[in-house]
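K.L.:
Spelled out from the first residue to the last, the chains are:
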Amino acid sequence: MSATAFVRPDGKEKVTGSGRYAADLDLTGQLHAKLRYADHTHARIVRIDTTRARALPGVLAVLTHEDVPDVRYGMMVKDRRLFAKERVRFEADIVAAVAALTPEIAAEAAALVEVEYEPLAPVSDIEAAAAADAPLIHEEWASYESDDEMGRVGNVLGHSAIVKGDAGGALAAADVVVKNRFLVDASQGAPIEPRAILAQWQGDRVTVWSSTQVPFAARSGIAHVLQIPESNVRVIVPLLGGGFGSKCDFHFEGHVAALARAAGRPVKLVFTREEEFVAPDHRREGMVIELESGARADGTIVARRGRLLLDGGAYCGEGGFFAQMAAMHACGPYELENVDVSSTLVYTNNQPSGSIRAPTAPQVCWAVEQHTDELAAALGLDPIELRRRTLLDEGSVSPTGQVFGKFGIKQTLERAVELIGADVELGDSEAIGVACGWWPSFGGPSGAYVKLNGDGTGTIVTGAQENGSGAVMGLPLLVAAELGMQPGDFSILYQDTDAGPWDGGSSGSQTTFNNGRAVVEAAREVRDKLLELASDKFEIAPEDLELVGGVVRVVGDPTFSVTIAELAGEGTAILGKGSGAVPENPPAEPGDGCLGRLGMESFLEPQLFTHAVRVKVDRETGVVRVLQVAAAHDSGTIVNRIGADGQVYGGVVMGIGQALTEHTQFDVDGRQRNPHLLDYKLATASDVPRIDVDWVENPAENGGPRGSKGVGEPPSVPTAGAIGNAIAKVIRARVCELPMTPERVWAARP
Amino acid sequence: MRLPLTLTVNGIAYPLELEPSTTLLRAVREHVGLTGAKEGCDDSECGACMMLLDGRPVNACSYLAHQAEGRAVTTVEGLAAGGDLAPLQQAFLEHGGVQCGFCTPGMLISATALLAKHPNPTEEEVRIGLSGNLCRCTGYDGIVKAVLSLAG
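Protein chains in written order, with the working numbering: chain A, 1 to 750; chain B, 1 to 152.
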């Protein structure tokens, strides 16, 4: 099948406008929800009075913490309640929620909820939050239910260290040493669809339509905060208008379900764009990154010291592993003889951070790759040559003791350099920059059913979630190949927790990787049943039969054949189920000094990649224009080329935005100053250039179907670092703050 | 106070009574019942709500329904004539111009207007012509290729 011949099964509804997203759904008797957010970023709640809100005509429910079970939730640390009780900790902490006849009445009622506060000192700055005498964001932190590897001291939410050998001694003996300090602003996933949720109770059961990336996590979250069984909760995801991580995790479904139960009516919540910026507990975390590396004259990196501080925001969510992930990226895919990296995630009064497309990696990669170019400059080596000498390779041992097999990162380096045209004649104020990086594949449980219909078509029922990437849309390619059928023969039922088996959702680039294995296993069960039926019919052993072109036939004698439609139409239920064996993380042998281990100390089938960019810098204004991007990735075998290419195009453009324009600016109290698309600038079609993509396909031994790895997250990782390196060549100085806005580029000039 | 008006959307006349402040987007989504056009920002920044007004693209979130009276409104639902996909819709699918699809209705409207005005645009003209429509998934690559495939 050629790449362009595969048209995604949900394509027609998307180009005709007939597809339904959550905000497009309405139910008879439906009410509208509005959330009442905190009036301070850090305050003690003295009193909440809902009398006036309840009295407003058209209001059917007003809820506060008193109206729901007194439980905390949180994927890695149970540190949050559905409604704030004693304290608010960031600007969009939810104090109350209203359901009313119209959105206008709901908004009016939400404003009428009276809340009296005793303001506390807010802490927005990461370094201030990490100080020993900082005001505590969570006074009860030590008592929260959480993983033992988490922080639990002061505002420290998570801490991780990677230690190998004696970095201090090696730095003292190095031929050259470079040291950099980088600052990163927060940024956003910013899907074009603001989230929407609709809930309806029928008896004791609630159905929730939600624009979530993780319907099963949403289901368990609703069950937990309302203290009801998961079997009483059904989560359905209509078409999802993008997520990029920001729609991971459970959150607002609980408020809407609680409102619908209290009001006895269906309730719908649709976020404004401003809410989509400030309220989700998912954004990219700001960071302070200090790096110091020493090398011998031949380029050998003898030591890396790193100190990283990450802004976790007001609540942990599922972001508790960020300290360790950032530490892994501070080492990067390089041979390092001695390492001393320490990474700390702190609570602040900012919006909670949470997974956004390859969490922590773009920021740390941006810093490490610029630092690597600085090291090359100090050594008098070409930056590409230094990478050739120091990138990990087959047989390399990582700082945490992981031994690698086939490792294609140098292939991606050479391919990206080739694609950009390293000998291209550069115009005035132009330069080429290169950056490399890595990101793990994530193994996890997943499941699917495949069933055949009487006319010889089929249906795939999967627990996996489609976020737009096309990963679920590509499943028929895998199933059809197992059964000798066409991808177009299959419908897909997905995004309904009552239908498909449990799945981790659209996160971690894991859908093809994990659910791909599941559907292949399910298809093989169907295949076995078809062969068994045909075997009975022809009285020929199953191993002498094959499935080709919609029929089961005898190998070597096509006159004996029966169509799948005939076999399926005989009334025998032909149903296969699969989950696939979950690949285990490879072993690692971290040294005694390695702390905060949450499973990231080894990378399963790492995705490896290099981006090369050509930029032009206006020295008078600091404005940077990206003229060309070349992206070379090793994601193992590519299953669906048009889908995989699409991930790279989109990831690179997100990377250009993160590099140059995208940042959430917090004021000193932790309030967002630019929660709208006028001032939070996403790259447009006219801001970005042609992007050349190529794949180095080293089949993964312990990977997804056909030797595939993950695909979706890495494309947004190295672009900013490559752009930073190109800018530095033009202006002969480092821009050490991300994003590299015109003001910052201008100010960095010597 | 609701005032009567007739909105003509995709060739069909709809008699409505709407507040003077009702936007064209809300009128079409909630009162006419066509949900193809999306609200992404309510700020004229994302372009997901775009409709054609007498062939000219407008951000329907920032345009009043009453201003559209007597004019021909075209939404994404009006692009496929007689159930067959328009060549542009087909091209979006074949070139990978659709991922999550939330920007797609507005993109198609913008691209339709662009090609009507400039039947043979350069790549740069396509990129500038679509710069009022934000897409977070595709990096614009498949969209630009789809529009260029219909040039000339």
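A hint or two may mislead.
As the list claims (entries may be wrong) - DSS-like, lysine-lysine: derived pairs with alpha carbons at most 25 Å apart:
#, chain 1, residue 1, chain 2, residue 2
1, B, Lys145, A, Lys12
2, B, Lys145, A, Lys681
3, A, Lys537, A, Lys616
4, A, Lys529, A, Lys577
5, A, Lys12, A, Lys681
6, A, Lys451, A, Lys577
Claimed, not checked - Coverage of chain A stretches by chain B, computed from C-beta distances (three or more under 8 Å per stretch; other residues unrestricted):
#, segment
7, 331 to 340
8, 468 to 480
9, 640 to 646
10, 650 to 656
11, 676 to 682
Said to hold, decoys possible - Reference excerpt, derived from the structure (chain A facing chain B, CB under 7 Å, subset only):
#, residue
12, Thr16
13, Asp24
14, Leu27
15, Pro191
16, Gly241
17, Gly242
18, Arg265
19, Arg273
20, Ala378
21, Leu386
22, Ala685
23, Ser686
24, Pro689
Rather than coming from a laboratory, the hints here were simulated on the basis of the structure.
If you're wondering where the values come from, they're calculated on a predicted model, not measured in any experiment.
Just so you know, even glycine gets a beta-carbon here, dropped at the ideal spot from N, CA and C.
K.L.:
Each hint: holds or not?
P.N.:
Verification of the supplied hints:
1. Between Lys145 (chain B) and Lys12 (chain A), the direct Cα distance comes to roughly 18 Å. Compliance with the 25 Å bound is thereby established for this hinted pair.
2. Straight-line distance between C-alpha atoms of Lys145 (chain B) and Lys681 (chain A) comes to about 24 Å, which keeps the hinted pair within the 25 Å bound.
3. Simply put, Lys537 (chain A) and Lys616 (chain A) have alpha-carbon atoms about 70 Å apart, too far for the 25 Å limit, and the pair is violated.
4. Between Lys529 (chain A) and Lys577 (chain A) the alpha-carbon distance is near 12 Å, which keeps this suggested pair within the 25 Å criterion.
5. Under the criterion of a C-alpha separation no larger than 25 Å, the hint pairing Lys12 (chain A) with Lys681 (chain A) is inconsistent with the structure, at around 30 Å.
6. Restraint check for Lys451 (chain A) and Lys577 (chain A): the C-alpha separation of about 9 Å stays at or below 25 Å, so the hint holds.
7. Figure legend: the segment 331 to 340 of chain A, annotated as covered by chain B; annotation inconsistent (0 residues with Cβ-Cβ distances under 8 Å, at least 3 required).
8. Given a C-beta distance limit of less than 8 Å, the hint that chain B covers the segment 468 to 480 of chain A holds, as 3 residues qualify and 3 suffice.
9. Counting residues of the segment 640 to 646 of chain A whose C-beta sits closer than 8 Å to any C-beta of chain B gives 4, which meets the bar of three, so the coverage hint holds.
10. By the rule of at least three residues with a Cβ nearer than 8 Å to a Cβ of chain B, the coverage given for the segment 650 to 656 of chain A holds, with 5 such residues.
11. Residues of the segment 676 to 682 of chain A lying with their CB closer than 8 Å to a CB of chain B number 4, which satisfies the three-residue condition for coverage.
12. Look at Thr16 (chain A): its Cβ gets to within about 5 Å of chain B, closer than 7 Å, so that hint holds up.
13. Taken as an interface hint, Asp24 (chain A) checks out: its beta carbon lies about 4 Å from the nearest beta carbon of chain B, inside 7 Å.
14. At its closest, the beta carbon of Leu27 (chain A) sits 14 Å from a beta carbon of chain B; the interface hint therefore is violated under the 7 Å criterion.
15. For Pro191 (chain A), the shortest C-beta to C-beta distance to chain B is roughly 6 Å, which falls under 7 Å, so the interface hint holds.
16. Of the supplied interface hints, the one on Gly241 (chain A) holds, with its beta-carbon coming within about 3 Å of a beta-carbon of chain B, less than 7 Å.
17. Interface restraint check for Gly242 (chain A): the shortest CB-CB distance to chain B comes to about 4 Å, inside 7 Å, so the restraint holds.
18. For Arg265 (chain A), the interface hint is violated, since its Cβ never comes within 7 Å of a Cβ in chain B; the closest pair sits about 18 Å apart.
19. With a least beta-carbon distance of about 4 Å to chain B, the hint placing Arg273 (chain A) at the interface is held under the 7 Å criterion.
20. Using the Cβ-Cβ criterion of 7 Å, the hint placing Ala378 (chain A) at the interface with chain B is not satisfied: the shortest such distance is roughly 35 Å.
21. Hint on Leu386 (chain A) is violated. Least Cβ distance to chain B is approximately 29 Å, over the 7 Å limit.
22. Among the interface hints, the one on Ala685 (chain A) holds; its C-beta lies about 4 Å from the nearest C-beta in chain B, closer than the 7 Å criterion.
23. At a threshold of 7 Å, the smallest CB-CB gap from Ser686 (chain A) to chain B is about 4 Å, leaving the interface hint in force.
24. Residue-level restraint check for Pro689 (chain A) is violated (minimum Cβ-Cβ distance to chain B is 9 Å; threshold 7 Å).
Of the numbered hints stated above, those contradicted by the structure are hints 3, 5, 7, 14, 18, 20, 21, 24, listed in ascending order.
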